[in-house]
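Protein chains in written order, with this note's numbering: chain Z, 1 to 306; chain L, 1 to 276.
Please keep in mind that the hints were generated in silico from the structure rather than gathered at the bench.
Straight line, CA to CA, 35 Å or less: simulated DSBU-like cross-link-like pairs of lysine-lysine:
id, chain 1, residue 1, chain 2, residue 2
1, Z, K38, L, K252
2, L, K201, Z, K34
3, Z, K34, Z, K156
4, L, K263, Z, K85
5, L, K263, Z, K38
6, L, K263, Z, K116
7, Z, K85, L, K239
8, L, K239, Z, K272
9, L, K263, Z, K52
10, Z, K38, L, K201
11, L, K73, Z, K206
12, Z, K52, L, K73
13, Z, K85, L, K201
14, L, K252, L, K212
15, L, K252, L, K201
16, L, K74, Z, K206
17, L, K73, L, K27
18, L, K38, Z, K34
19, L, K252, Z, K34
20, Z, K272, L, K126
21, Z, K111, L, K239
22, Z, K34, Z, K237
23, L, K38, Z, K279
24, L, K239, Z, K156
25, Z, K279, Z, K289
26, L, K38, L, K74
27, L, K74, L, K126
Not everything, but these chain L residues come out facing chain Z in the computed CB check (under 8 Å):
id, residue
28, D53
29, G92
30, G270
Every residue, glycine too, gets a C-beta built ideally from N, C-alpha and C.
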Amino acid sequence: MKAIDLTVNFVGLRLGNPTVLASGILGYSTETLKEIVKGGAGAVVTKSVCLKPREGYANPTVVQASCGLINAMGLPNPGIEEYVKEIHSAKVNVGVPLIVSIFGFSAEEYKVVAEKAVEAGADAVELNVSCPHVKDTGSEIGQDEEVLKEVVKKVKSSVDKPVFVKLSPNVTSIADVAEAAVNAGADGLTIMNTIKALAVDVESGKPILANRFGGLSGPAVKPIALRCVYDVYERVKVPLMGCGGIMDWRDAVEFLLVGASAVQVGTAISLKGANVFGKITQGMEKYMKTKGFERLEDFVGLSHRK
Amino acid sequence: MSVYHIANNELRMTRVLSVDTESPTVKTFTLKDERCAKAEPGQFMMLWIPGVDEIPLSILDADQQGRVSVAVKKVGQATEALHRANVGDLLGVRGPFGNSFALVKGTVLFVAGGTGTVPLLFLARKLAPRMGKSFFVLGAKTKSELLFSNRFEEVLKGTETKLVTSTEDGSCGITGLCTEIVEKILAEEEFNIIYSCGPEKMIRRVFELAEKHRIFMEASLERLMRCAIGLCGSCTIGKYRVCGDGPVFNSKQLRETHGEFGKSKRDMTGRIVPLE
Numbered sequence: 001m002k003a004i005d006l007t008v009n010f011v012g013l014r015l016g017n018p019t020v021l022a023s024g025i026l027g028y029s030t031e032t033l034k035e036i037v038k039g040g041a042g043a044v045v046t047k048s049v050c051l052k053p054r055e056g057y058a059n060p061t062v063v064q065a066s067c068g069l070i071n072a073m074g075l076p077n078p079g080i081e082e083y084v085k086e087i088h089s090a091k092v093n094v095g096v097p098l099i100v101s102i103f104g105f106s107a108e109e110y111k112v113v114a115e116k117a118v119e120a121g122a123d124a125v126e127l128n129v130s131c132p133h134v135k136d137t138g139s140e141i142g143q144d145e146e147v148l149k150e151v152v153k154k155v156k157s158s159v160d161k162p163v164f165v166k167l168s169p170n171v172t173s174i175a176d177v178a179e180a181a182v183n184a185g186a187d188g189l190t191i192m193n194t195i196k197a198l199a200v201d202v203e204s205g206k207p208i209l210a211n212r213f214g215g216l217s218g219p220a221v222k223p224i225a226l227r228c229v230y231d232v233y234e235r236v237k238v239p240l241m242g243c244g245g246i247m248d249w250r251d252a253v254e255f256l257l258v259g260a261s262a263v264q265v266g267t268a269i270s271l272k273g274a275n276v277f278g279k280i281t282q283g284m285e286k287y288m289k290t291k292g293f294e295r296l297e298d299f300v301g302l303s304h305r306k
Numbered sequence: 001m002s003v004y005h006i007a008n009n010e011l012r013m014t015r016v017l018s019v020d021t022e023s024p025t026v027k028t029f030t031l032k033d034e035r036c037a038k039a040e041p042g043q044f045m046m047l048w049i050p051g052v053d054e055i056p057l058s059i060l061d062a063d064q065q066g067r068v069s070v071a072v073k074k075v076g077q078a079t080e081a082l083h084r085a086n087v088g089d090l091l092g093v094r095g096p097f098g099n100s101f102a103l104v105k106g107t108v109l110f111v112a113g114g115t116g117t118v119p120l121l122f123l124a125r126k127l128a129p130r131m132g133k134s135f136f137v138l139g140a141k142t143k144s145e146l147l148f149s150n151r152f153e154e155v156l157k158g159t160e161t162k163l164v165t166s167t168e169d170g171s172c173g174i175t176g177l178c179t180e181i182v183e184k185i186l187a188e189e190e191f192n193i194i195y196s197c198g199p200e201k202m203i204r205r206v207f208e209l210a211e212k213h214r215i216f217m218e219a220s221l222e223r224l225m226r227c228a229i230g231l232c233g234s235c236t237i238g239k240y241r242v243c244g245d246g247p248v249f250n251s252k253q254l255r256e257t258h259g260e261f262g263k264s265k266r267d268m269t270g271r272i273v274p275l276e
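Chain Z with its partners taken away, still in its complex shape (with noise of 0.2 Å):
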C-alpha cells in the first residue's frame, strides 16, 4: 500500500498537514507558535495585527457557554512596529508557513500592515475582516461587499504573498461576499469567524462580557461552519481553510468533505492542550487508510459529487 500523502499545497504554501493554528489564539510570541508547531500544526496564523497598538477590552474577555466559548478580547495587539520584531523572528524559528492576520480601519491601514508584515516575513496574510465585536474594521468591513474589494484590492496590489480573507458569517450570503473577495484578488478563503453573540447574567441582569458583544466560538458553531465552506465551495475555485467549532479529527475530516483544504483549530487547545494538532492529524491518517485515500484532494469536497 501506498504511503498517505497528508501534505498540503495551496497559493505557494506548503503545508506539512492540514491543521493550522487559527488567528487570536496565543499568538503573541514565537515562544507560544513554537508549542503549537511541537504539537502537531501544518501553519500557523497570528494573533491580528494592525497598525497602531490596541489595549483590547476590560474583563470580562471571554464567557464559558454552553458547548461553546464567547469572547471579545477587542483585537489587543501592539502594532505592526512593534509585531515586526515577532515576526522575524518566528519567521526564522517556527519551521512551518507563518500566516500573519491583519486588520485595520481603513483600505490604507490593511495596505499598511501588510506590507510591512510580508517585509518582515510573513509566508502570506490573513485579512480579519470579520472579528465581530470592534467597530469600524473586521466584520463592519466583511459585510460590506464593495468596502471589501476595495481592501482585498489595495493589499493584493502592494504584496507579493499569498492574500488569505477570513469571512464573517454575520452576513445573509457569505457565498456572495466570498466571490466579492475573490473577484477582487483573494487567493484564498477561512470560513469561518466567530458568530456575533451575547451572554447574560440572570442575577445581576447585566451583559457578561465588558464589551456586550462577542464572538462565539467551539462545537456550538461547527454546523454553521460546515454550511458556510459547503455554500461557498460551490461558488468560488481558491483554497479554502475551514474553521469552527474543530475538536477532532472527525470534524476536521467533516470540513474537508464540504470543500475545505485545511482546517483552523483555536478553541479546541484550551481542553486539549497543543497536541490536538498532532492528534487531529494522526486521526486523519487512520480515517484516509480506511477509506483507500491517499492524498487528501481524494476527498476534499467529496459531499458535493452528485
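Fit chain L to the known structure of chain Z by using the hints.
Below, chain L alone, put in the same frame as chain Z:
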C-alpha cells in the same frame, strides 16, 4: 456527536458571606462556591464584579463547607469596587484555575512579600501537619501591611516553624528587605524546598539565592490575565501560560524563563514591558 464540555467552568453567581479587614488596603472576602472550595494551594480564581471587571485572585483558604476566601489589595478600579462590596452582594466566580504547589514534606522556607502571603498561608495550612523545622519569612513595606498576623498563629500552632517578619521602614520586625533575611537564614539552615510569592523582583532574588544554595524552589507568578483558560496568550512567560502551566513555576521552569522572569511582562497590547 460527542458532547464537549467547553462550559466545564461556567461563571457562577454567589453572594459574599463575610468581609474581614486585614490592613488599611487589604480585605478578605469569603464566598460560597463548591468548586473553588476544592482548590489546592497555589490555584486562583476569576472574580467578576458585575459591570466593573473580572480579576484573577489567589485563593487564601477553602474549607469542606464549600467556602472559599480571597484577600484583595486595593490597587485599581476593580479592587476598589470590590472593597465596597458588602455581605450579601453578588459576585461571579470562575475557577479554580492553574496548577498548585507540590506538597513537599520536611524543612520548608516560605518567603512572602505583601499580598504574596496569600497562597503561601494556604499552603502552610496544608503542610503544617508534616512540616519539619521551617521558617516563614514575611516582608512588607510597613507594619500595617504585614498581613494575617492573627491567622499565622493558628496555622503554625504546633509546628516547629519560626515566623520572621521584616518591614522596609522598620516599623515592625527586622528593618530591611525580606531577601536580606533569607540570605542570612540560608547561610545557616538547610531546606528541602523554598516556596515564594510576592513582587517578582523579590522572587527573582530569592531564586538566585536558592540556586546558589542548590535548593529546589517553587514560586507563584502573576501576569495580565484575560481568558484564564489558556487561549488568549495575555499571560505568557516564555513558552508557558501562567493561567494553565502556572501560576506555580519550579526551579527548572524559572531557569528557562530567565529572560523574562523578574524582568518583564506583557502589557494590555501584548508588548513586552519592564517590570516596575
